[in-house]
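Trainee: Its first residue numbered 1, the sequence shown is counted upward by one per residue in UniProt numbering.
The set of hints was computed from the structure by calculation and includes no laboratory data. All values derive from a computational prediction rather than experimental measurement. Among the hints, erroneous ones may be present.
[To be verified] Within a straight-line C-alpha distance of at most 25 Å, the following computed SDA-like cross-link-like pairs (lysine to any residue) qualify:
| hint | residue 1 | residue 2 |
| --- | --- | --- |
| 1 | K62 | N3 |
| 2 | K283 | S97 |
| 3 | K123 | S108 |
| 4 | K249 | P309 |
| 5 | K281 | R320 |
| 6 | K388 | L365 |
| 7 | K249 | P275 |
| 8 | K328 | P293 |
| 9 | K67 | T218 |
| 10 | K281 | E298 |
| 11 | K211 | L401 |
| 12 | K283 | G266 |
| 13 | K38 | N205 |
| 14 | K321 | P309 |
| 15 | K67 | S97 |
| 16 | K38 | V305 |
| 17 | K283 | E18 |
| 18 | K38 | N363 |
| 19 | K166 | D92 |
| 20 | K398 | D369 |
| 21 | K400 | D387 |
| 22 | K166 | L267 |
| 23 | K345 | D92 |
| 24 | K123 | E159 |
[To be verified] Across the chosen pairs, the derived CB separations fall in these ranges:
| hint | residue 1 | residue 2 | range |
| --- | --- | --- | --- |
| 25 | P252 | K398 | 15 to 21 Å |
| 26 | V305 | N205 | 43 to 49 Å |
| 27 | E313 | D55 | 46 to 52 Å |
| 28 | S108 | N152 | 22 to 28 Å |
| 29 | D183 | L352 | 21 to 27 Å |
| 30 | K170 | Q221 | 50 to 56 Å |
Every residue gets a Cβ at the ideal spot worked out from N, C-alpha and C, and that includes glycine.
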Amino acid sequence: MLNLRLEQSRRHIEANRESTVFVQVEISPDQSTQIAQKNHHICLVIDCSGSMEDDMKIEQAKNAAIKLVRGLPSTDTVSIVAFDDDVHVILDPKPASERQYIENMIHSITTGYATAMHAGISKGFDLVQQSRSLSSSNTINRLVVITDGLANVEPCEDEDFIQLAKEIRKSGITTSTMGIGDDYGEQLLKSVSEFGGGSWDHIVNASDLSKVVNEQATQMQQTIVTNPQLQITLMDTAELLEANASKPKVMPIDDLKTTGNVTIIGLKDIIRNEPHALHFKIKVNAGEGENIPFLTAEILEGSNVVAGPDTIEISYTNDRKLYNVENKNVFWSFKSTESTICNSKFIATGDLDAKKRSDTIINILPHPDTVEGLAHDTIVHANTIHDKIVPDLTESEKKKLLHHTTVMEDTMTEKLDEAISDLKNSEEDEKE
Numbered sequence: 001m002l003n004l005r006l007e008q009s010r011r012h013i014e015a016n017r018e019s020t021v022f023v024q025v026e027i028s029p030d031q032s033t034q035i036a037q038k039n040h041h042i043c044l045v046i047d048c049s050g051s052m053e054d055d056m057k058i059e060q061a062k063n064a065a066i067k068l069v070r071g072l073p074s075t076d077t078v079s080i081v082a083f084d085d086d087v088h089v090i091l092d093p094k095p096a097s098e099r100q101y102i103e104n105m106i107h108s109i110t111t112g113y114a115t116a117m118h119a120g121i122s123k124g125f126d127l128v129q130q131s132r133s134l135s136s137s138n139t140i141n142r143l144v145v146i147t148d149g150l151a152n153v154e155p156c157e158d159e160d161f162i163q164l165a166k167e168i169r170k171s172g173i174t175t176s177t178m179g180i181g182d183d184y185g186e187q188l189l190k191s192v193s194e195f196g197g198g199s200w201d202h203i204v205n206a207s208d209l210s211k212v213v214n215e216q217a218t219q220m221q222q223t224i225v226t227n228p229q230l231q232i233t234l235m236d237t238a239e240l241l242e243a244n245a246s247k248p249k250v251m252p253i254d255d256l257k258t259t260g261n262v263t264i265i266g267l268k269d270i271i272r273n274e275p276h277a278l279h280f281k282i283k284v285n286a287g288e289g290e291n292i293p294f295l296t297a298e299i300l301e302g303s304n305v306v307a308g309p310d311t312i313e314i315s316y317t318n319d320r321k322l323y324n325v326e327n328k329n330v331f332w333s334f335k336s337t338e339s340t341i342c343n344s345k346f347i348a349t350g351d352l353d354a355k356k357r358s359d360t361i362i363n364i365l366p367h368p369d370t371v372e373g374l375a376h377d378t379i380v381h382a383n384t385i386h387d388k389i390v391p392d393l394t395e396s397e398k399k400k401l402l403h404h405t406t407v408m409e410d411t412m413t414e415k416l417d418e419a420i421s422d423l424k425n426s427e428e429d430e431k432e
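Based on the provided sequences and hints, a complete structural model is requested.
Mentor: Shown next, in the form of structure tokens:
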């Protein structure tokens, strides 16, 4: 089963006065949760423009594809699209059992000139859709885009790619992106992965491609819930002002679908050992009353409720002692996540207002050892990113740092694991 945990910064707010409340939602599968028993279709969308010849990147991409196919269960499906100034269907959807044929088709990929990335992704989407119409709906589908350059064949605008990624995700397909080297558009690939429900990986060396591509296949095989949605219902006098995520990726949540007091948020696929954490800033209008249902949350897979509903309550009061009580952990996890997102925007676009906002937050953050749980991890991450922003970063350094903003190390868990390991070692020493 999935664990759904809700925390709020305040349980009591001052009566007859507008207030702001922060809410934290954590989603994690417990050890008994079963992996979805489904088939898988992975479609590789590979850049074969002329620059992919440099440093043998195209050969590394081919090798990564071959290693992927060799490791897939025979019942899985593979398709491959390549794009240069045009789009080439290298492999129509085939079962992974036809390994030799698939490898021969991969070897046939040659390089061309320009980078028709939008058309390449669209064609990959078409192939997966066609395959779905002919096979069981019990299939997890993923597009993996591999490129080293900038889109230069129309359409090229970021918004065109974002709309395409949204359309693909709405159909239940995940889109992940991989950028190789220093010359690709990192903000574009980051946006496509965020709106596509997948991940963006920065590949410094093309030789690392095989490892990262195989991680995508492993994630598919460890998937518990596909294309999940978080549905939150607020009290009638409350308004959602801002939403961010810190796990599995640090990112703003911009694609909100709100009807009345109900908001639907698309989540990344829920994968074993990969918790989700979301942070909300909510305005509550002036009022009166006690134990009012404030926010109800549930996780949906299609029309099925797979976790929840869980509800937190709020009370208005004139008692200063009560309305001054605050769960600082929830507040600081929101603020530190906001700081990292602002710094991400600055690194990607040079937005000085975002940098100033992040600096303001950093200056008021407490020491991480004075807070607990997620607040500790988000503060450590925010400080780490802030300290690495220095003048005159190279393009390579910017890409590495931007990627680092999206992935938060679970430092509290690591410390616990270290403590357990130390305890075991100590016990073994005593036995000796």
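Trainee: Going back to the hint list, which numbers does this structure go against?
Mentor: Hints 1, 2, 13, 14, 18, 20, 23, 27, 30 are the ones this structure does not satisfy, whereas the remaining hints hold.
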